[in-house]
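Chains as they are written, first to last, in the numbering used here: chain L, 1 to 372; chain X, 1001 to 1186; chain B, 2001 to 2048.
Take these hints with a grain of salt, some might be off.
Among the chain B residues that face chain L by a calculated CB cut under 10 Å, a handful are [as the list claims (entries may be wrong)]:
#, residue
1, I2009
2, V2015
3, L2021
4, Q2030
5, L2042
6, L2045
For the record, the hints were derived by calculation from the structure and aren't laboratory data.
Keep in mind it's a predicted model, so treat the numbers as computed, not measured.
All C-beta atoms in this analysis are idealised placements derived from N, C-alpha and C, irrespective of residue type, glycine included.
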Amino acid sequence: MERHHIVALCALIVVGLVCTIAGREFLTMYQPDEILAGPGVTEVRLLSTYFGPLAGTASDTKVYIMDSGKPGATALVLGGTHPNEPAGFMTAVLLTEHVVASEGKLIVIPQACNSGFSCTDPLEGYPQSYTIQSKSKLRTFRFGARASNPVPEWPDPLVFLQYPSGQQLSGNEVRNLNRSYPGRPEGTATERIAYAIMRLIEQEKVDIAFDLHEAAPEIPIIDAIVTHEKGKDIAASALFTLEMENLQYALEMSPVNFRGLSHREWGDNSHVFPFLMETSNPIQGRLRGKTGTSLIIQGVDERYFEAAQLGTMRITYDLAGEPLARRVGRHLRGLNALFGAYAETVPEKRIVIENIPSFEAIVRQGVGQYLN
Amino acid sequence: MKRSAILILLACLMLVLFEGSLLGQEKAKFEQPVLITSAGQSADVTIAGMLFKKANVQTKALPLAKPADLDGIKTLVIVAGFSSKGLGAAGISREQELGRVQSMLQAAKEKKLKVMTLHIGGKARRGNQSDDFNKLAAEASSYLLVVKQGDEDQFFSKIASEKKITIDLVDKIADAVQPVAKAFGK
Amino acid sequence: MLHWTYILIAAFVFVLVLRELFAERNWRTQIALALVLIPLILRILHIK
Chain L
1 MERHHIVALC ALIVVGLVCT IAGREFLTMY QPDEILAGPG VTEVRLLSTY
51 FGPLAGTASD TKVYIMDSGK PGATALVLGG THPNEPAGFM TAVLLTEHVV
101 ASEGKLIVIP QACNSGFSCT DPLEGYPQSY TIQSKSKLRT FRFGARASNP
151 VPEWPDPLVF LQYPSGQQLS GNEVRNLNRS YPGRPEGTAT ERIAYAIMRL
201 IEQEKVDIAF DLHEAAPEIP IIDAIVTHEK GKDIAASALF TLEMENLQYA
251 LEMSPVNFRG LSHREWGDNS HVFPFLMETS NPIQGRLRGK TGTSLIIQGV
301 DERYFEAAQL GTMRITYDLA GEPLARRVGR HLRGLNALFG AYAETVPEKR
351 IVIENIPSFE AIVRQGVGQY LN
Chain X
1001 MKRSAILILL ACLMLVLFEG SLLGQEKAKF EQPVLITSAG QSADVTIAGM
1051 LFKKANVQTK ALPLAKPADL DGIKTLVIVA GFSSKGLGAA GISREQELGR
1101 VQSMLQAAKE KKLKVMTLHI GGKARRGNQS DDFNKLAAEA SSYLLVVKQG
1151 DEDQFFSKIA SEKKITIDLV DKIADAVQPV AKAFGK
Chain B
2001 MLHWTYILIA AFVFVLVLRE LFAERNWRTQ IALALVLIPL ILRILHIK
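Next up, chain L with everything else stripped away, as it sits in the complex (with noise of 0.2 Å):
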């Protein structure tokens, strides 16, 4: 064999060798992730149930029903709606895994824009999974996208017309879950997701619902509170009960002129009362240092706590930063808070979720103690 025949076999060894390893680890990332149904659960389901067509796809996803057995309200929980939104996505998934219904059901789809869990936002360095050590074992969660994964839905328009508003919105918005609502069934994958959610609103004759999220510590909306107009009231009481736990969250109405987003859509188009939550996420603004895992869980960050000393800051951030535990806290507290209020407001309707975490418990043990 001749000398340059021998480099060339070496050559492709080694490319075989970082293909490999590559692609193995890019594999992963369609590896679902592992929650562990807690005592609550009284059955999962595939959101498939509500709309066939997603059965077999990467849209599909599961969703945890609660029922206590007791009549009571119906509630709905969304995480995962942005999979690079951890603290709504870890909310879902500590509910799932921790509390109990003892009056009226719980429903909660941890991962609803389950496909986006597969992919990452190019440009942004986000790393791919991160961990947490639960009460049994170091569990291993995907840290993903924004928005759906593009491969199922390629290649997207140059302007993206919402159903059935019409509004017109930069392409890679069609494959954003909270700009696809009500959704239909012949449109997009996303737009399917969101009628499916719909459907699943409207069979299971869910009576509140809760979208959770997370946005840069720089955005004006943050720990915050949206709500359709319908919920005001319920949203104000809520906030109250917040402050007396020395949560201070912001109250925002739903724009009525901004189409597609679950707090306006499922408000119009069902009976249910919506609201939407966001907390301060890090890794997500744009005034960030090093992106890592210890910027999903620890969420400190010095160019933070500057801007915050700057004065430019409409949250409080001092060098502890903004741990997961704190955000995941924080969601809790205003689920907690808005079941209370709801119940105020229709006391024949209620829901009483049992276990969910006070916010001090959770900040000081961590979310993982409530993981199993």
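Using the hints provided, position chains X and B relative to the given structure of chain L.
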């Protein structure tokens, strides 16, 4: 001499007994009916409505109130703080909202109504976009009720000091119920 | 359809690059040719 001493003593006693009401006259007294409106279209108007309800003060809340809505009103309450979502929900521009607030304050001045400004949104309702509304409302008021988090840089305290406006700073929104009740003599 | 179209194109380009790789005598050029194969192959996983 004995008679003078008794008269002096009686006068002192009267002063002590009525000291409270004398001090109260230094603070603006507000009357009902009350109209609550927004300066900046934040949803804090809803929370303010709840506050007044807890204080047993009846109000009419109109986030997009116009000068004509002041007919029959004795007190105008402005809830200051900008919200981009709120403006979007209202379908108006920032400039239109500024114009509306200015016209409300002008009309209140012409009708000689008492104006109170509430700032209960904390840090979220401060910053460049909010402070135009905050300043406009605060300077036209005779009483400011502010959650402390929104006054960390003394923005409202300085206005109160310069314009000699009564200001109450509270730790939380819920703590604002008592000052509201007191302002209306409850 | 997209998946199989890409695999066909990738296979064709792979064969062309392989021929050049074994014909080339300069080791630096050989490494460059080999590197071209990496995204070509990994792209198959992305399109799935």
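Evaluated hints:
1. With its C-beta approaching chain L no nearer than about 16 Å, I2009 (chain B) sits outside the 10 Å limit, and its interface hint is violated.
2. Because the closest C-beta pair between V2015 (chain B) and chain L is about 13 Å apart, greater than 10 Å, the hint is violated.
3. With its C-beta approaching chain L no nearer than about 5 Å, L2021 (chain B) sits inside the 10 Å limit, and its interface hint holds.
4. Annotation: interface hint on Q2030 (chain B) holds; nearest CB of chain L at approximately 5 Å, less than 10 Å.
5. Given the 10 Å rule on beta carbons, the hint for L2042 (chain B) holds: about 6 Å separates it from the nearest Cβ of chain L.
6. With a least beta-carbon distance of about 5 Å to chain L, the hint placing L2045 (chain B) at the interface is held under the 10 Å criterion.
Hints 1, 2 from the list above are not met by this structure, while the remaining hints are.
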